[in-house]
Amino acid sequence: MTPFTNISSIAVPLLRDNVDTDAIIPSREMKSTGRTGLAEGLFAPWRYTDVATRVPDPGFPLNRPEAHGAQLLLGGANFGCGSSREHAVWALAEYGMRCIIAESFAPIFRANCIRNGILPITLDRAVVDGLAWQMVDVDLTTQTVNADGQTAPFAIEEEPRQMLLEALDAISLTLKSLPEIDAWTAADRSRRPWIYAGKAA
Amino acid sequence: MLMTDLPKTLFEKIWDTHHVAQTAGGAHLIAIDRVFLHERTGASALKSLAASGRAVRDPARVFAVMDHIVDTRIGRGDDTLMPGGSAFITETRAATQAAGITLFDVNDPDQGITHVISPELGIVLPGATLVAPDSHTCTQGALGAFAWGIGSSEAEHAMATGVLRLDRPQTMRITVTGRLAPGVTPKDLALHLLAEHGAGGGAGHVVEFAGDAIAALDIEGRMTLCNMATEFSAMTAIIAPDEKTYAYLAGRRYAPANFDTPYWASLATDDGATFDREILIDGSSVAPMVSWGTSPEHSIAVTGSVPKGPERAHSYIGLEPGNAVAGIPIDAAFIGSCTNARLSDLRRAADLLRGRRVAPSIRKALVVPGSSAVKRAAEAEGLDRIFTEAGFEWRASGCSLCFFAGGESFPEGSRTISSTNRNFEGRQGPGIRTHIASPETVAASAIAGVIADPRELAR
Numbered sequence: 001m002t003p004f005t006n007i008s009s010i011a012v013p014l015l016r017d018n019v020d021t022d023a024i025i026p027s028r029e030m031k032s033t034g035r036t037g038l039a040e041g042l043f044a045p046w047r048y049t050d051v052a053t054r055v056p057d058p059g060f061p062l063n064r065p066e067a068h069g070a071q072l073l074l075g076g077a078n079f080g081c082g083s084s085r086e087h088a089v090w091a092l093a094e095y096g097m098r099c100i101i102a103e104s105f106a107p108i109f110r111a112n113c114i115r116n117g118i119l120p121i122t123l124d125r126a127v128v129d130g131l132a133w134q135m136v137d138v139d140l141t142t143q144t145v146n147a148d149g150q151t152a153p154f155a156i157e158e159e160p161r162q163m164l165l166e167a168l169d170a171i172s173l174t175l176k177s178l179p180e181i182d183a184w185t186a187a188d189r190s191r192r193p194w195i196y197a198g199k200a201a
Numbered sequence: 001m002l003m004t005d006l007p008k009t010l011f012e013k014i015w016d017t018h019h020v021a022q023t024a025g026g027a028h029l030i031a032i033d034r035v036f037l038h039e040r041t042g043a044s045a046l047k048s049l050a051a052s053g054r055a056v057r058d059p060a061r062v063f064a065v066m067d068h069i070v071d072t073r074i075g076r077g078d079d080t081l082m083p084g085g086s087a088f089i090t091e092t093r094a095a096t097q098a099a100g101i102t103l104f105d106v107n108d109p110d111q112g113i114t115h116v117i118s119p120e121l122g123i124v125l126p127g128a129t130l131v132a133p134d135s136h137t138c139t140q141g142a143l144g145a146f147a148w149g150i151g152s153s154e155a156e157h158a159m160a161t162g163v164l165r166l167d168r169p170q171t172m173r174i175t176v177t178g179r180l181a182p183g184v185t186p187k188d189l190a191l192h193l194l195a196e197h198g199a200g201g202g203a204g205h206v207v208e209f210a211g212d213a214i215a216a217l218d219i220e221g222r223m224t225l226c227n228m229a230t231e232f233s234a235m236t237a238i239i240a241p242d243e244k245t246y247a248y249l250a251g252r253r254y255a256p257a258n259f260d261t262p263y264w265a266s267l268a269t270d271d272g273a274t275f276d277r278e279i280l281i282d283g284s285s286v287a288p289m290v291s292w293g294t295s296p297e298h299s300i301a302v303t304g305s306v307p308k309g310p311e312r313a314h315s316y317i318g319l320e321p322g323n324a325v326a327g328i329p330i331d332a333a334f335i336g337s338c339t340n341a342r343l344s345d346l347r348r349a350a351d352l353l354r355g356r357r358v359a360p361s362i363r364k365a366l367v368v369p370g371s372s373a374v375k376r377a378a379e380a381e382g383l384d385r386i387f388t389e390a391g392f393e394w395r396a397s398g399c400s401l402c403f404f405a406g407g408e409s410f411p412e413g414s415r416t417i418s419s420t421n422r423n424f425e426g427r428q429g430p431g432i433r434t435h436i437a438s439p440e441t442v443a444a445s446a447i448a449g450v451i452a453d454p455r456e457l458a459r
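In order, the protein sequence lines correspond to chains A and B.
Taken in order, the first sequence gives residues 1 to 201; the numbers are from our numbering.
Taken in order, the second sequence gives residues 1 to 459; the numbers are from our numbering.
Simulated from the structure, these hints should not be mistaken for laboratory data.
All C-beta atoms in this analysis are idealised placements derived from N, C-alpha and C, irrespective of residue type, glycine included.
Possibly wrong hints are sitting among the right ones.
Pairwise CB distance ranges (calculated) [unchecked claim]:
| no. | chain 1 | residue 1 | chain 2 | residue 2 | range |
| --- | --- | --- | --- | --- | --- |
| 1 | A | Pro153 | B | Tyr246 | 46 to 52 angstroms |
| 2 | A | Gly59 | B | Asp58 | 49 to 55 angstroms |
| 3 | A | Glu157 | B | Asp282 | 33 to 39 angstroms |
| 4 | B | Arg253 | A | Ala52 | 43 to 49 angstroms |
| 5 | A | Glu158 | B | Arg312 | 34 to 40 angstroms |
| 6 | B | Thr388 | A | Pro56 | 42 to 48 angstroms |
| 7 | B | Tyr246 | A | Glu158 | 40 to 46 angstroms |
| 8 | B | Gly327 | A | Arg189 | 17 to 23 angstroms |
| 9 | B | Asp16 | A | Asn6 | 35 to 41 angstroms |
| 10 | A | Glu157 | B | Ser52 | 45 to 51 angstroms |
| 11 | B | Pro307 | A | Gly198 | 50 to 56 angstroms |
Away from chain A, derived, C-beta distances all over 12 angstroms, residues of chain B [stated by the list, open to error]:
| no. | residue |
| --- | --- |
| 12 | Leu6 |
| 13 | Glu12 |
| 14 | Ala21 |
| 15 | Ala43 |
| 16 | Gly85 |
| 17 | Asp105 |
| 18 | Gly183 |
| 19 | Thr303 |
| 20 | Gly322 |
| 21 | Ser344 |
| 22 | Glu379 |
| 23 | Glu389 |
| 24 | Ala396 |
| 25 | Gly426 |
| 26 | Arg427 |
Within a straight-line C-alpha distance of at most 27 angstroms, the following computed BS3-like cross-link-like pairs (lysine-lysine) qualify [as the list claims (entries may be wrong)]:
| no. | chain 1 | residue 1 | chain 2 | residue 2 |
| --- | --- | --- | --- | --- |
| 27 | B | Lys244 | A | Lys199 |
| 28 | B | Lys244 | B | Lys13 |
| 29 | A | Lys176 | B | Lys8 |
| 30 | A | Lys199 | B | Lys8 |
| 31 | B | Lys8 | B | Lys244 |
| 32 | B | Lys8 | A | Lys31 |
Please model the complete structure; the sequences and the hints are all you need to start from.
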């Protein structure tokens with residue numbers, strides 16, 4: 001994972017509500033148990049006029065010349081709804097996306113973004129709409145989105161902020177609390193023995 | 001009054017019980033009692049865990065099943081209709097063996113869809129926390145557990161550490177008063193909620209379903225309702241355990257021999273406890289519902305007509321505002337999924353299909369039981385014959401055509417009526433138009449060859 005401090009990118013608009021993870025990465029594009037080789041399948045049904053032969057649809061925003069190398073995607077309400085497939089985020093990351101600004105996010109998708117170094121930012125729809133095709137600076141240290149001389153502050157909880165800024169590995173971090181986890185589990189075994197009982201004989 | 005004496009919600013009690021520590025960033029380490037994996041996202045989590053040199057902390061509390069891309073044709077093996085799908089099966093099998101995890105394999109008698117077999121086997125329990133890399137894990141909140149869907153990385157985290165790092169979610173209570181009318185099901189209630197409050201209406205909240213109409217539901221109906229909480233963008237849903245819950249779990253394979261019923265009963269939301277949001281629904285006002293568009297929020301009473309929605313949804317689904325919903329011709333019918341493929345679902349659909357045939361215009365009709373146990377029980381009652389005599393194909397258990405994985409689909413250009421949970425563009429195959437509804441509405445529509453009100457047939 002790459003630390004996220006700030007990026008400067010053109011903002012590619014996909015300003016539809018309820019963009020689901022089936023659209024971001026269709027099930028048929030998840031061809032292996034690995035986490036790579038997914039970028040080509042990103043938005044496949046919308047991005048290609050013919051999915052099998054990968055003929056690009058020139059009308060799809062990511063296929064426009066000015067979108068080349070973009071790291072910032074704009075979305076509508078409830079972005080990333082549907083299946084929990086982390087492949088949606090892996091595909092976006094592999095494609096080069098570092099940040100998504102949307103009116104709102106589905107909760108599992110948002111958590112998956114944070115675990116993979118993609119910054120999910122929630123802003124009012126009017127602000128999101130105004131960023132379309134703008135050159136945008138996103139700064140996580142100051143928690144601001146800046147475009148065309150305008151600055152919009154954004155909120156993010158402290159824990160995900162730190163995770164993204166320092167590209168922290170959540171598991172390593174949690175394992176530092178192992179003594180507390182062990183103590184809790186030992187106490188719980190006497191409190192709720194039935195949780196640990198296993199299969200009936 | 002002490003802090004601990006403040007009235008608490010069901011969710012807050014489970015949260016507090018499982019609270020291990022607070023992190024420097026203000027998040028919380030919440031203990032995870034059960035992890036459930038499937039072959040589509042589970043192998044990935046286990047492989048990543050192994051690659052990092054870490055072990056599963058307590059393999060006895062981790063379970064896995066083959067459900068997502070297994071072939072559902074009778075007599076199946078490891079081969080899948082999805083190209084390359086067998087690798088997911090063989091790699092999951094190898095990874096679970098290496099990790100010492102209980103696996104319900106392709107032809108295991110306990111095999112079935114995760115959210116059908118976890119309750120069926122008593123793996124999910126009231127007051128427990130359970131996570132799975134699958135959005136429909138919210139289904140299992142019907143048993144009074146705090147159960148929610150996560151990504152593969154979080155599944156890896158839960159297995160490696162026994163906890164997850166969470167920001168405390170907001171809470172919502174949805175109180176459903178009165179009773180659902182005859183012929184109206186929990187699926188209709190879920191679609192009603194989505195139509196009224198939107199697919200983003202739950203916005204990361206933990207939703208408690210409460211009220212007389214919820215208490216009156218059987219456990220399988222509660223599962224159907226909770227199943228759709230992810231379509232509402234809720235973190236999950238939960239229903240207080242009661243006598244029905246205990247009766248349902250009694251004697252289940254992994255359920256404890258002696259229930260701690262006083263403890264489970266004490267989990268119910270206290271009088272005076274507050275929620276961040278409250279929604280009130282009059283249960284008697286709910287009608288049989290059908291989706292008309294490409295989001296579950298695009299749902300309408302079967303007696304209604306298509307409202308004005310996003311242009312994209314209208315053009316994909318091929319329906320204009322003002323079109324009557326009843327009478328829309330359909331080409332295919334599907335009864336299955338973690339939403340509506342339990343024994344009670346199959347019984348209610350079979351009741352309508354008994355002695356009848358699907359319309360000649362139906363090009364494909366499938367019934368896929370939610371678990372191998374449901375399949376056996378249905379066959380013992382002769383339900384399989386009712387379905388096949390009506391023109392439905394009877395399959396082995398799995399997620400099947402709830403989604404298209406690159407293998408089997410519906411005939412090109414089909415409009416399907418489906419007891420599943422998602423009507424997204426392309427969800428059941430490229431260009432396939434999906435209308436989601438209750439199993440009764442699917443059965444009635446298959447007979448009529450057009451979207452039909454099941455109450456008309458039942459009379």
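Each hint, compared with the structure:
One distance hint, 46 to 52 angstroms for the beta-carbon pair Pro153/A and Tyr246/B, holds here, with the actual separation near 50 angstroms. Taken as a hint, the range 49 to 55 angstroms holds for the pair Gly59/A and Asp58/B, whose Cβ atoms sit roughly 51 angstroms apart. Taken as a hint, the range 33 to 39 angstroms holds for the pair Glu157/A and Asp282/B, whose Cβ atoms sit roughly 37 angstroms apart. A beta carbon spacing of about 45 angstroms between Arg253/B and Ala52/A agrees with the range 43 to 49 angstroms that was offered as a hint.
A beta carbon spacing of about 38 angstroms between Glu158/A and Arg312/B agrees with the range 34 to 40 angstroms that was offered as a hint. For Thr388/B paired with Pro56/A, a C-beta distance near 45 angstroms keeps the hint of 42 to 48 angstroms intact. Taking the beta carbon of each, Tyr246/B and Glu158/A are about 41 angstroms apart, inside 40 to 46 angstroms as hinted. The supplied range of 17 to 23 angstroms is broken by Gly327/B and Arg189/A, whose beta-carbon atoms lie about 60 angstroms from each other.
The hinted range of 35 to 41 angstroms is satisfied by Asp16/B and Asn6/A, whose Cβ atoms lie roughly 38 angstroms apart. Take Glu157/A and Ser52/B: their Cβ atoms lie about 25 angstroms apart, and the range 45 to 51 angstroms is violated. The hinted range of 50 to 56 angstroms is satisfied by Pro307/B and Gly198/A, whose Cβ atoms lie roughly 51 angstroms apart. Here Leu6/B stays apart from chain A, with its beta-carbon at least about 21 angstroms from theirs, past the 12 angstroms limit.
No beta-carbon of chain A comes within 12 angstroms of the beta-carbon of Glu12/B; the shortest separation is about 17 angstroms. For Ala21/B, the requirement that its beta carbon stay farther than 12 angstroms from each beta carbon of chain A is not met, with the minimum near 5 angstroms. With 12 angstroms as the threshold on Cβ separation, the claim that Ala43/B sits away from chain A is violated: the shortest Cβ distance comes to roughly 4 angstroms. With a least beta-carbon separation of about 9 angstroms from chain A, Gly85/B fails to lie farther than 12 angstroms from that chain, contradicting its non-interface assignment.
No beta-carbon of chain A is positioned within 12 angstroms of the beta-carbon of Asp105/B; the least distance is around 16 angstroms. With a minimum CB-CB distance of about 29 angstroms to chain A, Gly183/B clears the 12 angstroms threshold, and the non-interface call stands. At roughly 25 angstroms, the least C-beta separation between Thr303/B and chain A is larger than 12 angstroms, which holds for a residue marked as non-interface. The beta carbon of Gly322/B sits about 22 angstroms from the closest Cβ of chain A, which is more than 12 angstroms, so the claim that it is off the interface holds.
A cut-off of 12 angstroms between C-beta atoms confirms that Ser344/B is not in contact with chain A; the least separation is 24 angstroms. Listed as a non-interface residue, Glu379/B keeps its Cβ farther than 12 angstroms from every Cβ of chain A; the least gap is roughly 25 angstroms. Chain A leaves Glu389/B outside its interface by the beta-carbon criterion, the shortest separation being 33 angstroms against a cut-off of 12 angstroms. Listed as outside the interface, Ala396/B is consistent with that label: its C-beta sits roughly 20 angstroms from the nearest C-beta of chain A, beyond the 12 angstroms cut-off.
Under the 12 angstroms C-beta cut-off, the non-interface status given to Gly426/B relative to chain A is violated; the minimum distance is some 5 angstroms. The Cβ of Arg427/B does not lie farther than 12 angstroms from every Cβ of chain A; its closest approach is about 6 angstroms, which violates its non-interface assignment. Among the hinted pairs, Lys244/B with Lys199/A is consistent with the structure: their alpha-carbon atoms are about 22 angstroms apart, no more than 27 angstroms. Between the alpha carbons of Lys244/B and Lys13/B the distance comes to roughly 21 angstroms, so the proposed pair stays at or under 27 angstroms and holds.
A hinted pair counts as satisfied when its Cα atoms are at most 27 angstroms apart, and Lys176/A with Lys8/B does not qualify at roughly 31 angstroms. As the CA atoms of Lys199/A and Lys8/B are separated by approximately 32 angstroms, the hinted pair breaks the 27 angstroms bound. For the suggested pair Lys8/B and Lys244/B, the alpha carbons sit about 23 angstroms apart, so the restraint of at most 27 angstroms is met. With a C-alpha separation of about 45 angstroms, the suggested pairing of Lys8/B with Lys31/A is violated against the 27 angstroms cut-off.
Of the numbered hints listed earlier, those contradicted by the structure are 8, 10, 14, 15, 16, 25, 26, 29, 30, 32.
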